[in-house]
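Novice: Respectively, the protein sequence lines represent chains A and B. Sequential numbering of the first sequence, starting at 1, is according to this note's numbering. Sequential numbering of the second sequence, starting at 1, is according to this note's numbering.
Note that these hints are calculated values from the structure, not bench results. Take these hints with a grain of salt, some might be off.
No distinction is drawn between identical chains; accordingly, a pair holds when it is met within one copy or between any pair of copies.
Stated by the list, open to error - With a Cα cut of at most 27 Å, we get these calculated DSSO-like pairs of lysine-lysine: (1) K76 / K89; (2) K206 / K239; (3) K196 / K95; (4) K35 / K89; (5) K95 / K205; (6) K95 / K49; (7) K196 / K236; (8) K180 / K196; (9) K180 / K35; (10) K89 / K196; (11) K28 / K76; (12) K236 / K206; (13) K206 / K28; (14) K93 / K180; (15) K28 / K95; (16) K49 / K93; (17) K35 / K49; (18) K239 / K35; (19) K205 / K35; (20) K28 / K89; (21) K49 / K205.
Keep in mind it's a predicted model, so treat the numbers as computed, not measured.
Protein chains: 2
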Amino acid sequence: MSEKTITMPLAVNHISVDCVVIGFDGEKLSVLLVKRMGEEDGQVFHDMKLPGGLIYTDENLDDAARRVLRELTGIKTIDLLQFKAYGSKDRTKDKRDVHWLEHAIQMHVDRIVTIAYIALVRISRALLGTSGDNEICWVPIDEVRQLAFDHNIILRDAIEVVRRQAQTDPSYLFNLLPPKFTILQLRTLYERVYGKRQDVRNFQKKINQLDYVIALDEREQGVAHRAARLYRFDRKLFKRARR
Amino acid sequence: MSEKTITMPLAVNHISVDCVVIGFDGEKLSVLLVKRMGEEDGQVFHDMKLPGGLIYTDENLDDAARRVLRELTGIKTIDLLQFKAYGSKDRTKDKRDVHWLEHAIQMHVDRIVTIAYIALVRISRALLGTSGDNEICWVPIDEVRQLAFDHNIILRDAIEVVRRQAQTDPSYLFNLLPPKFTILQLRTLYERVYGKRQDVRNFQKKINQLDYVIALDEREQGVAHRAARLYRFDRKLFKRARR
């Protein structure tokens, strides 16, 4: 069949993965971003992007996403949820993005289809070093500015996916909490994810009804206010309750 | 930057869309498949694949999926839900698939990342003509055999997505029913989607509690058995109930 092979003027299709890593510090919901420096029209610019990268030729999509995160954050075991592919031509409408990428990969870029992933992590786990030339940081989601490519859209969609995911699987958000947490932390997390206040009493009542959120005989340590009771999420009981 | 551009031995990345179009005829859940004929080792073979195709260079992913379906089925307005990207190297492990595709597009193929979509349709709407060289047909889901590429995996995942989608949005499955339907049809649909029998009385009770499933003063026509009452789904009432 090789004698029939002809060269057609196809676009140079690059395929990348981008990861929306979301963390919660007890007060704010934040996203992990990579600082980016570029040059356009002789001017240096600084902005941010989601952690991501092109896939290697012999690499599966999920593996590529795991590699990107491992290289950037050192996190080795992480649950990544693939949630959407982005392939609009408008992804590369900002020439700064195209030039930056072409400079980085030393290749001409027509279209980049990116496969987007979500990970929820405990902020404490995701220790940030400098990783090569990349500087990464946690940015509270409501303070995120204009990101590279269509990363603001990807981030917005990711939050929507987290909401939906938490609705079908109530255990999902517990990935964001430390092993022991207060009801205030849990309530604050719900308020941040859903973007609306939760009534204190109703929330406490709702949690009390959940067999799998266990009140411990322990209280917070080293806090200025009155130490609150600690709770833990019991995954085994949760699974049993859902059967 | 063009003087820096170098050619790297990258894989030839093709990007395609594949559509899992699901229909229900009142008894069975079926999927729309395209018949495929190929030749391998001097032997002609026939099998089937999901409707799909490579994206054009100036085409967004969603547009490509809509075009593929329009070209194959004539369906112009259809709700397509993008649900997953498939990019495993194993997608092209069967050389029959690679050779068939290389023959069809007259290009060398390394990797094809495909973006998969779901559409639920009323079978009556999707009138099947022959469309060019492609012959398409409805195949009951439990009679689907070995498909091309990883299309069996994509189909299996799609059914799972339909189940989850129906859980978060109970209106979803009504897209599969005709405007007027019987409770038996609705119950059969649930049984097919979830793969388990529904208790007749409990199901009727459950449906009676739904404000948005309206009993009509009409009955089935031209049936051999006792004509059953017809119902309709009221989207406005559904939206109001969900607020």
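Novice: State the violated hints by number, sorted upward, taking the hints as numbered earlier in the document.
Specialist: Going through the list in order, the structure violates hints 3, 5, 9, 10, 14, 15, 18, 19, 20 and 21 and respects the others.
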